[in-house]
Each structure stands twice: as structure tokens, then as C-alpha cells.
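All chains should be modelled from the sequences, with the hints used to inform the complete structure.
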Amino acid sequence: MILFFFSLLVLIFGSFVFQLFLPPVLLLHGAVILFVPALYFYGCLSLPFPLMLALTFFTGFLNDLFAVPQARSNPDFPTGISILFYLVPGLIMHGFRPLFLRHRWETHCLLAEIGAVLTPFILLAQYAMLSFERSDFFFSAMLSYGGSWVPG
Amino acid sequence: MKSITIAALGAFGIFVVLILLLPQQTKRQLQGALFQFISPVLRTGASVQQELGGVRGGLKRLDELERENQKLNLENEQLRATNSLLRNLEGEVNRLNRALGFREQSAFKLLPARILSRESATWWNFCTIDRGTKDGVATDMAVVTEDGVVGKVTTVAKDLAVVLLVSDESLRVSVSIEGTQEQGIVSGTRASSTYVPDLKIRFLSKTANLKPGMQVLTAGKGGVFPSGLVVGTIKDFSARQLEGIASVTPAVDLAAVQDVFVIVGER
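From first to last, the protein sequence lines are chains A and B. Just so you know, the numbering used here puts 124 at position 124 of the first sequence, and the rest follows in order with no gaps. Just so you know, the numbering used here puts 142 at position 142 of the second sequence, and the rest follows in order with no gaps.
Check the hints yourself; a few may be wrong.
The following label-pair restraints were derived from C-beta to C-beta distances [said to hold, decoys possible]:
(1) B:Thr5 <-> A:Ser7: 20 to 30 Å
(2) A:Phe121 <-> B:Gly213: 40 to 50 Å
(3) B:Ala107 <-> A:Leu130: 29 to 39 Å
(4) B:Ala33 <-> A:Ser131: 27 to 37 Å
(5) A:Phe18 <-> B:Leu86: 27 to 37 Å
(6) A:Ala128 <-> B:Gly10: 26 to 36 Å
(7) A:Met1 <-> B:Leu74: 51 to 61 Å
(8) A:Phe121 <-> B:Gln70: 35 to 45 Å
(9) A:Phe121 <-> B:Glu77: 45 to 55 Å
(10) A:Phe4 <-> B:Glu77: 46 to 56 Å
(11) A:Ile2 <-> B:Pro226: 47 to 57 Å
(12) B:Leu74 <-> A:Gly95: 48 to 58 Å
(13) B:Phe15 <-> A:Phe4: 20 to 30 Å
Rather than coming from a laboratory, the hints here were simulated on the basis of the structure. Positions of the beta carbon are idealized from the N, C-alpha and C atoms, including for glycine.
Okay, structure coming up:
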């Protein structure tokens, strides 16, 4: 289990680096391909609770280090806040763990879809935080295109 | 609830609070160290990406690929490989000539840099360049091209730096409008009706007589950007209750920019 956990950490770190080389997909309205949430949710489904918390901490913290520019005086939002954004959907996915452990392919398909549905909530939470931090909440038609596409 | 669960929750809470309370300086150092750690990967990836022609075109569907393949086969019969190679070389030479001319004519000491990576989620917000503290780059240095302003340096590692792009909402630059007395603050927009985000100038006078196509130049008042750098051109102007607001098309093609210059001082 520990070996699997560390493999997930390496994969998540690798995905963050890999995503640096992925431009927006113009054919999908400039959507973004996200590998990290898919791996993270997989970890939430398969790991026991303490390791799932450690995975959440690692993923959220790394997400902020990779994605939030640390400007001198006015960062977009506190580094580490994404840990909490990942925690909520992560806990929901972890609740499905007993179902996942039955190892039936149809439930795995269903859980993959639930993960895909939960991913935009992480992005929306980060967007809302950024919006409130900078001024007011702002919504554009561009966002409603669903600028994210999650493999899974 | 099991004791191990309670202990894990407690430890998780403590670590989260510790991370949130870290000083900004430490977080910047952590980010710098992280990018420094992955810099070999970024450099290798950037060169491979360049050799492969990039993946900017994105993923395509199978039928689109088939159509494109047929089209390319047709074109391939008509064009010789040497012609294609020469055209690519000509474009590269022209681009580098423009950059070299700009560097030699500029009143500033310019450090050439290449964009290493841009994450898709923050494509219009920031990028990393292959210059760092060992090349004399420091935070708050302006980053430009021969066309105009690109952004400013926010985080610096030993041999790479993070550049906040002018299209980011949090980067504010004092600007003046060419041929007028008007001055305002330009910043990026969070999202746009078009794919490439426009910039927005605020705090203009309501009666400003701005026409589309007028050049927007840096005013040099913020201490980061010297005056006279081109930011973009006026797209449209609207008068609000208290101020005039203009949208600006960026001078630099932020979607395609590859080579930039860091202003490290004056000549």
C-alpha cells in the first residue's frame, strides 16, 4: 500500500510537470486537459483515510506551487488553500471506497464519471476564491463552455 | 472513530495551517526551488517540443486527421521538401533579425530569453523563461519583445524565472495614449468573449477622444516599466459614470510569443 501511495505521489508530480507542456485544446474551445484530478480521485478511492489525507495535502500544495504566481505583495490566494479545495471532493470520492473495493467494472466506470463531475468543482472553487480576492465574482460565457476536460 | 483517523485529521489540520501561515518570502523561495528542481525537465521538454513543432494545434479527432492527411498528401505532391525547409528557415531568420535589430537599437540593456513552458490552465497569466539570478534577472524586471510589453518577472530561480503576463488581471501598468494627454491604468481581463484576452484601461477621463488604432504606451510611473514601451492599440472606448474605459488589443501576440527580452538596465 505504501509503495502504491508513493507511486501515486510520483505520478501526480509527473502529471503537474507534464501539464506544463500541454497548451489549451483549441478544438475544444481552449479547454484544458487535467490529469492530476483523475489520479487524485483514483487515490481517494483506493487509499485508506490517513494516506488519502496525505495525498490531498501533497496534491493541493503542489497545485498552488505550480499554478499560483507568488507576486511580491499581492498573491492571488494563499498558497495551500487548494488543499482544502481538493479535500472536499476527495472526501466525497473516499466515501465511495467500499463500492470501489468490490472491484466490479461497472462501478468503476460510474466512479470515473463521478470524478469527472467533481473536477470542475475544484476549478470553480479556485476561480471563486481568485474572483473574491481580486474584486467581485465575475462570470463569462467562456467559462460556461466548460474549459476543462478530464481523462477518465 | 478510530484513533488513527483522529490523529491523521489532527496532523492534516496542523500541516494545512502551517502551510497557510508560511511567510510570502518562504513561499516564493519554495516555488523558486520547485521550478529549479524541474528546470532540467523543462529545458529538455522545451527543446523536444520545439523540434516536434509543438503541440499547440491540440488534439484532433480522427476524421479531422484523415482529412488533414489527405490534404497534406496532396500538398506534398506539389511541394518539394527543400522549399518547405527554406521557408521555415526564412521565417526563423526574419524573426531573429527583428529581435536582433530591436536589441541593438533599444535604449535599454536587454537580456534575450526563451520561453520554456506555459501551463494551459494559466496560459494567459504567466510563463517561465530560461534566465534567472545567475544572468542578473531579479523580480519586478520588465519583459518585452520588439513588438511591446510582455509582462514582469515575479519569481526568480537560479537559471529560470516566472513572468507574470500583461494579460493577467493582477498586473497593472500606468499608460498614456499616444497623441493625447490621457493617462490610465491598464490590466488584463479575467476572461474575454474572444479567445485571446483583451486588456482594459481604467481611470481615463469621460470626455477622452480616443479612436480605435491609437497606440497605448507605458507612462513609466510605476517603477517597473520604463516609459514609451508599446502596450497595444485602442480597440474601443466607452464613458462610464465616473471614468472612461478603453479596451486594448495587446501589441505582442501572447499566444505565439517564444523569444523575449528582460530589461536588466539602461545602456
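The hints, checked one at a time:
1. B:Thr5 <-> A:Ser7: 20 to 30 Å: holds (23 Å)
2. A:Phe121 <-> B:Gly213: 40 to 50 Å: holds (43 Å)
3. B:Ala107 <-> A:Leu130: 29 to 39 Å: For leucine 130 of chain A against alanine 107 of chain B, whose Cβ atoms are near 37 Å apart, the range 29 to 39 Å holds.
4. B:Ala33 <-> A:Ser131: 27 to 37 Å: Taking Cβ atoms as reference, alanine 33 of chain B and serine 131 of chain A lie about 29 Å apart, which means the hint holds.
5. A:Phe18 <-> B:Leu86: 27 to 37 Å: holds (34 Å)
6. A:Ala128 <-> B:Gly10: 26 to 36 Å: holds (28 Å)
7. A:Met1 <-> B:Leu74: 51 to 61 Å: holds (56 Å)
8. A:Phe121 <-> B:Gln70: 35 to 45 Å: About 42 Å separates the Cβ atoms of phenylalanine 121 of chain A and glutamine 70 of chain B, which means 35 to 45 Å holds.
9. A:Phe121 <-> B:Glu77: 45 to 55 Å: holds (51 Å)
10. A:Phe4 <-> B:Glu77: 46 to 56 Å: holds (53 Å)
11. A:Ile2 <-> B:Pro226: 47 to 57 Å: Since the Cβ atoms of isoleucine 2 of chain A and proline 226 of chain B sit about 55 Å apart, the hinted range of 47 to 57 Å holds.
12. B:Leu74 <-> A:Gly95: 48 to 58 Å: Holds: the Cβ-Cβ distance is about 55 Å, inside 48 to 58 Å.
13. B:Phe15 <-> A:Phe4: 20 to 30 Å: holds (22 Å)
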